[in-house]
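Undergrad: Okay, here's what each chain looks like letter by letter:
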Amino acid sequence: AQKVTQAQTEISVVEKEDVTLDCVYETRDTTYYLFWYKQPPSGELVFLIRRNSFDEQNEISGRYSWNFQKSTSSFNFTITASQVVDSAVYFCALSEGQGAQKLVFGQGTRLTINP
Amino acid sequence: GAVVSQHPSWVICKSGTSVKIECRSLDFQATTMFWYRQFPKQSLMLMATSNEGSKATYEQGVEKDKFLINHASLTLSTLTVTSAHPEDSSFYICSWAGLAKNIQYFGAGTRLSVL
Chain A
4 AQKVTQAQTE ISVVEKEDVT LDCVYETRDT TYYLFWYKQP PSGELVFLIR RNSFDEQNEI
64 SGRYSWNFQK STSSFNFTIT ASQVVDSAVY FCALSEGQGA QKLVFGQGTR LTINP
Chain B
79 GAVVSQHPSW VICKSGTSVK IECRSLDFQA TTMFWYRQFP KQSLMLMATS NEGSKATYEQ
139 GVEKDKFLIN HASLTLSTLT VTSAHPEDSS FYICSWAGLA KNIQYFGAGT RLSVL
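Respectively, the protein sequence lines represent chains A and B.
Each residue of the first sequence is one higher than the one before, counting from 4 in our numbering.
Each residue of the second sequence is one higher than the one before, counting from 79 in our numbering.
Treat the hints as calculated values from the structure; they're not laboratory data.
Every clue listed holds true.
Dumping the calculated BS3-like pairs for lysine-lysine here, alpha-carbon to alpha-carbon at most 30 angstroms:
#	chain 1	residue 1	chain 2	residue 2
1	A	Lys19	B	Lys119
2	A	Lys41	A	Lys73
3	B	Lys98	A	Lys41
4	B	Lys119	B	Lys98
5	A	Lys6	B	Lys144
6	B	Lys142	B	Lys98
7	A	Lys6	B	Lys133
8	A	Lys19	A	Lys41
9	B	Lys142	A	Lys6
This one's a predicted model, so the numbers in the text were calculated from it and none came from an experiment.
Let the sequences and hints guide you as you build the complete structure.
TA: Laid out in structure tokens, this is it:
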């Protein structure tokens, strides 16, 4: 069965600090996709990244970077030089197989960036 | 701009009444969509998967007679919470599987409060 674990329930840092959000997943499929979503107080889910199981290349997008390691079943998310606007709940999610598949979400990490 | 429109964003109703939530894809047509539920400070849990032209598939523990899904077309789906009770108070979010089917586009969510 698929499962996503975000062990960090809440993180609080001071602005400009770097912060890493951890995500560990479980799946028996060889084909799967990993996602990160941001959920600000408004509630809407904002898509950040999708990574398939065959592509372990790390990705950087501005202040955001993602480290995908199949050996440890982890897909961690780092925010560099954090800003107050980064405050939100962040969800890691997993879908198995090809096509339109359901997402299984982790419990989420509430990130607070203090000025 | 938003690719998925969900209405209403917020609804308060009396116990025993029914509430309909609409979810429209604005920029694309898709055969598959999903309904998720999120209780306060918890993660998103899939309620049901819906394919246009066929009956929805409900997750274990979700009452299909209580949460009626009508996948009317390739761009419109509705979720009706029938005879709502306070325990149904939650945040309901729809998502459509995009052309790259492993990406889901989420609506802004509907916050339901049952008094």
